[in-house]
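Participant: Given chain A, work out where chain B should sit, using these hints.
The residues making up each chain are set out below.
Protein chains: 2
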Amino acid sequence: MHAYKAPLRDIRFVFNELLDASAHYEALGLGDNLSPDVWDAILEEAAKFAEDVLAPTNAVGDEQGCHWSVEGVKTPSGFIEAYKQFVAGGWGGICANPDFGGQGLPSSVGTMVNEMIGSANWSWCMYPGLTASAIRCLEAHGTDAQKAMYLAAMTSGEWSGTMCLTEAHCGSDLGLLRTKAAPQADGSYKISGSKIFITGGEHDLTENIIHLVLARIEGAPSGTKGISLFIVPKYLPNADGSVGARNSLACGSIEHKMGIKGSSTCVMNFDAATGFLLGEENQGLRAMFIMMNAARIGTAVQGLSLAELSYQGALIYARERLQMRSLTGPKNPAGNADPIIVHPDVRRMLLTQKAFVEGSRAFIYWLTLQVDKADRGDADAEELLALLTPIAKAFITETGYEATNLGLQVFGGHGYIREWGMEQIVRDTRISMVYEGTTGIQALDLLARKIMANRGESLTKVIVLIQQFCAANAANNTQREMLDSLQKLSVGWGELTRQLGFKAMQNPDEIGAASVDYLMYSGYIVLAWFWAQMAVVAQQKISAGANEVFYQSKLKTAQFYYARLLPRTKVHYAAIIAGADTLMAVTDEEFLG
Amino acid sequence: MHAYKAPLRDIRFVFNELLDASAHYEALGLGDNLSPDVWDAILEEAAKFAEDVLAPTNAVGDEQGCHWSVEGVKTPSGFIEAYKQFVAGGWGGICANPDFGGQGLPSSVGTMVNEMIGSANWSWCMYPGLTASAIRCLEAHGTDAQKAMYLAAMTSGEWSGTMCLTEAHCGSDLGLLRTKAAPQADGSYKISGSKIFITGGEHDLTENIIHLVLARIEGAPSGTKGISLFIVPKYLPNADGSVGARNSLACGSIEHKMGIKGSSTCVMNFDAATGFLLGEENQGLRAMFIMMNAARIGTAVQGLSLAELSYQGALIYARERLQMRSLTGPKNPAGNADPIIVHPDVRRMLLTQKAFVEGSRAFIYWLTLQVDKADRGDADAEELLALLTPIAKAFITETGYEATNLGLQVFGGHGYIREWGMEQIVRDTRISMVYEGTTGIQALDLLARKIMANRGESLTKVIVLIQQFCAANAANNTQREMLDSLQKLSVGWGELTRQLGFKAMQNPDEIGAASVDYLMYSGYIVLAWFWAQMAVVAQQKISAGANEVFYQSKLKTAQFYYARLLPRTKVHYAAIIAGADTLMAVTDEEFLG
Chain A
17 MHAYKAPLRD
27 IRFVFNELLD
37 ASAHYEALGL
47 GDNLSPDVWD
57 AILEEAAKFA
67 EDVLAPTNAV
77 GDEQGCHWSV
87 EGVKTPSGFI
97 EAYKQFVAGG
107 WGGICANPDF
117 GGQGLPSSVG
127 TMVNEMIGSA
137 NWSWCMYPGL
147 TASAIRCLEA
157 HGTDAQKAMY
167 LAAMTSGEWS
177 GTMCLTEAHC
187 GSDLGLLRTK
197 AAPQADGSYK
207 ISGSKIFITG
217 GEHDLTENII
227 HLVLARIEGA
237 PSGTKGISLF
247 IVPKYLPNAD
257 GSVGARNSLA
267 CGSIEHKMGI
277 KGSSTCVMNF
287 DAATGFLLGE
297 ENQGLRAMFI
307 MMNAARIGTA
317 VQGLSLAELS
327 YQGALIYARE
337 RLQMRSLTGP
347 KNPAGNADPI
357 IVHPDVRRML
367 LTQKAFVEGS
377 RAFIYWLTLQ
387 VDKADRGDAD
397 AEELLALLTP
407 IAKAFITETG
417 YEATNLGLQV
427 FGGHGYIREW
437 GMEQIVRDTR
447 ISMVYEGTTG
457 IQALDLLARK
467 IMANRGESLT
477 KVIVLIQQFC
487 AANAANNTQR
497 EMLDSLQKLS
507 VGWGELTRQL
517 GFKAMQNPDE
527 IGAASVDYLM
537 YSGYIVLAWF
547 WAQMAVVAQQ
557 KISAGANEVF
567 YQSKLKTAQF
577 YYARLLPRTK
587 VHYAAIIAGA
597 DTLMAVTDEE
607 FLG
Chain B
17 MHAYKAPLRD
27 IRFVFNELLD
37 ASAHYEALGL
47 GDNLSPDVWD
57 AILEEAAKFA
67 EDVLAPTNAV
77 GDEQGCHWSV
87 EGVKTPSGFI
97 EAYKQFVAGG
107 WGGICANPDF
117 GGQGLPSSVG
127 TMVNEMIGSA
137 NWSWCMYPGL
147 TASAIRCLEA
157 HGTDAQKAMY
167 LAAMTSGEWS
177 GTMCLTEAHC
187 GSDLGLLRTK
197 AAPQADGSYK
207 ISGSKIFITG
217 GEHDLTENII
227 HLVLARIEGA
237 PSGTKGISLF
247 IVPKYLPNAD
257 GSVGARNSLA
267 CGSIEHKMGI
277 KGSSTCVMNF
287 DAATGFLLGE
297 ENQGLRAMFI
307 MMNAARIGTA
317 VQGLSLAELS
327 YQGALIYARE
337 RLQMRSLTGP
347 KNPAGNADPI
357 IVHPDVRRML
367 LTQKAFVEGS
377 RAFIYWLTLQ
387 VDKADRGDAD
397 AEELLALLTP
407 IAKAFITETG
417 YEATNLGLQV
427 FGGHGYIREW
437 GMEQIVRDTR
447 ISMVYEGTTG
457 IQALDLLARK
467 IMANRGESLT
477 KVIVLIQQFC
487 AANAANNTQR
497 EMLDSLQKLS
507 VGWGELTRQL
517 GFKAMQNPDE
527 IGAASVDYLM
537 YSGYIVLAWF
547 WAQMAVVAQQ
557 KISAGANEVF
567 YQSKLKTAQF
577 YYARLLPRTK
587 VHYAAIIAGA
597 DTLMAVTDEE
607 FLG
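As they're listed, the protein sequences go chains A and B. All residue numbers for the first sequence refer to the working numbering, where the first residue is 17 and numbers rise by one. All residue numbers for the second sequence refer to the working numbering, where the first residue is 17 and numbers rise by one.
Derived by calculation from the structure, the hints in this document are not laboratory data. All clues stand as given, with none of them false.
When chains are identical, the list treats them as one kind, so a pair holds in a single copy or across two.
List of simulated lysine-lysine pairs, BS3-like, C-alpha gap at most 30 Å: (1) K64 x K557; (2) K163 x K196; (3) K347 x K196; (4) K100 x K21; (5) K241 x K196; (6) K206 x K241; (7) K241 x K347; (8) K519 x K504; (9) K519 x K347; (10) K519 x K586; (11) K100 x K163; (12) K504 x K586.
Pulled out of the complex, with its shape left as it was, chain A reads as follows (with noise of 0.2 Å):
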């Protein structure tokens, strides 16, 4: 298995000449905290950690898997320790908020270095991503005295988090959940029920865990709108922070699962157990979709870290290997073969990767750029992400599958053998495409709430951002093309748009039948908007002398991806097209043939 390399040049790129990101902390008033050079500082400090010390720990935790026993859940060797040297350097809480102690960075910085720990290895980075996002749910919702009692122990790290969700019946439908809370007379309550699929239920790294659990107070309504949520730890913390006693839940068991065997998704039985009410009565659901986009961003880096982490695998494979020799003669004559790089279709494979890569990367962190802003109360950045979110979850895991499937054929025979680790990274991305909601859910939030609900306004902002990036390179001759094909593609986006819009009108399982194809198509046009950006910008640093080999490959990629990868807009657009017809047609007993 090929050593992880943190891909320091491109975020670089991305986040200083893509997205001139020190301007935006500039504009934030940030930027005395997060000047250029501590940035930088920062880069270099977390692809050390994810480089030295975590990319280790991938193939034994895969390898060895997590263990459960009634005294609680082992992770794999070498989990520990790191977690340990993750807490030291105060990597936990360097968004979270100072007065617990985090060093209140945007949530941007945050993703840069999720990025290159998820690549190091996923399983492991989903313990503390998940407490980041109990984190965040309990900033947002607790009261001073919830805050006071959790958040510095979780900050620091010592505790970690969890979000409990989804039940045996229910996952997409949270409607339907059963967990309830009765009210006690000292204002908490006793939680029973039983949840699945909790990432981080039970584990040996923190001495406390704080769960964050829906259910339903005695009485409450059905459905959605009887929902609320509550803490409920592991240890009941004593006044002064302190572990207490034992709460009344366990993890009845793990899951056995294709892939992140490090981490440990628990079936989570709470009886009684002791709850406190986060935020408002039947507001629970409410109160978890605000740290919905965050999460969704967050599993969107998972199709990047680990497309990247295939990528680097297959490339250095690529190089090395000797197999046949080139169609148009020897590239290595002084061997017996070429080594595979030199065929094109293992060349149209690697290219495929990097475009997926490289253009994932620019569209997440510019969506983090965003998310600062909407965190700091901008409604236009708050906007733009609930559009794109979807897109970004759902394209970047799906087109981040198919780079890892890539890589592992680059690989041939070797690639589905273990020892490689190129089968390990597409068993652990196949899970991106279905939590935080799958790509069928992410493609429905689209069309129907983001775009059908509003009547396409925030989809038209999305494509006069894109036409004015036209607009001010219309003077640009060298990228002429891909400027001209990408405008064409901003019009046909909305034009598709407002066809699809009138046949849902008459019929509303047009916008379920076209759903997936209408999230791919907009995620290829949202891709070639960031691919023709990076070309203006290599262009415009070659024109201005840089003679660096990085900036001829971006230039490349980007003609790659425009020549072999957008025209998959067409087959979307001919399958949204198609409409539902096909697809309603058919009744159950014909299902079954």
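Facilitator: Okay, now just chain B, sitting in the frame of chain A:
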């Protein structure tokens, strides 16, 4: 995990109603041994074996995997018992020569059996599958004495066989192989070298294992022209056919793989092992390549078998799982949610599976009828096979993998959990795009050897077949749109190929750059041909008064295929037209970014 049910209705439809197999068997002079009744009895018996005996070993095979020790390799629980029943039923020899105890049935019957046992437990079925390949090879190239020595025990299944090709440094490029054969005074050879990825190289199912090994006789030319094939038995047979002395070969280790864990994948070390030349000196690769079409169709069957298994699971789940309401109003008002099959996107996933499964089944079985004919000297059938086999192998495994991933996706989070069985199907399918020649190798074989090298003559014959079918149905107005679309695509296929031929004359890299997209483009057209044929037959039955749901299902699935999947030709077309430039422009350094 759901129980596999053999898709008898569809297999009968394809063989009887679509392909008129009994006329085919009559024409080949096989009608006496293979009347429709006999054929159907074989179908029913094989289905029972697959469902009752083999399917229960599938999950446990994945769970336990194979275990290596110096004594040998232990297969998972139940594999030995299932194998005993397989041998007792005479299944191993159904297509083998009656002179050695086989039943002499045509290859198409073997493929039908393989589909079902392959769905039931793909890992297990690789042991008899490799034996069948070895039998074919021995029949084709063995001396009478060699046949007498090995074929009876292999046909009965008492002995098994392997094909030892790959070495650590050569997979696709066998010209690089180094295993040596030293001639001995008695006419035998001493074989020395190490082979990897040897399926069934060691196991506990049979008393002897007959390895067919590619090696280079001392002094032979380098490259592919100096490779010979050898029979290297684990135990050297005595003159009376009983098992004799242990040969000096051993399984050094087994691979830990992503899937097909019940199939032992062995490193085989030959240490001056006694071997016997099979066929002529330096003709080893050719001898092996004669087996290649059969092995590739066998791998295409894997795509079909596992997609079928996945579709069955996903369909059951989609009909039972209650989650959310239909956008057009409740379909299950008595329940608190609708079954997820009401949602258009779930239907899209299921119908995609169904269209690939049933289309691939028709394609594969038609292909096996060509194998039957080619085996009896039909040169036209041989030509069709040569052209269409790489398409079947790569297209059906690629789309099969897509189908199994969709099956997982229908299950949501549960799909990622082992106990439901859906993720195992994905892992087991993944290797099919790699072994027996990767998708890239199939695509190169198709475009460079099967099309460009004979100036498109074979392709033209297939296009003519399609156009004859369209012409024969010119009066068919119910399938008008479908037939027009097919006719148009068949013309486009020829035009695109000619265009590509001109480009390739200028630059050979255009072939490799287009190859995989060209293969997939071709695959969608071939499947469209079979779907149109099935639609025509189904329509005829309906018009003749048949009111079986099955025929409506076929018609609607054909319409779905044409509306939603066939447009994918557009994107492959666009990628082919885009050409090699953007692939070849990137320098080695630029790949590093």
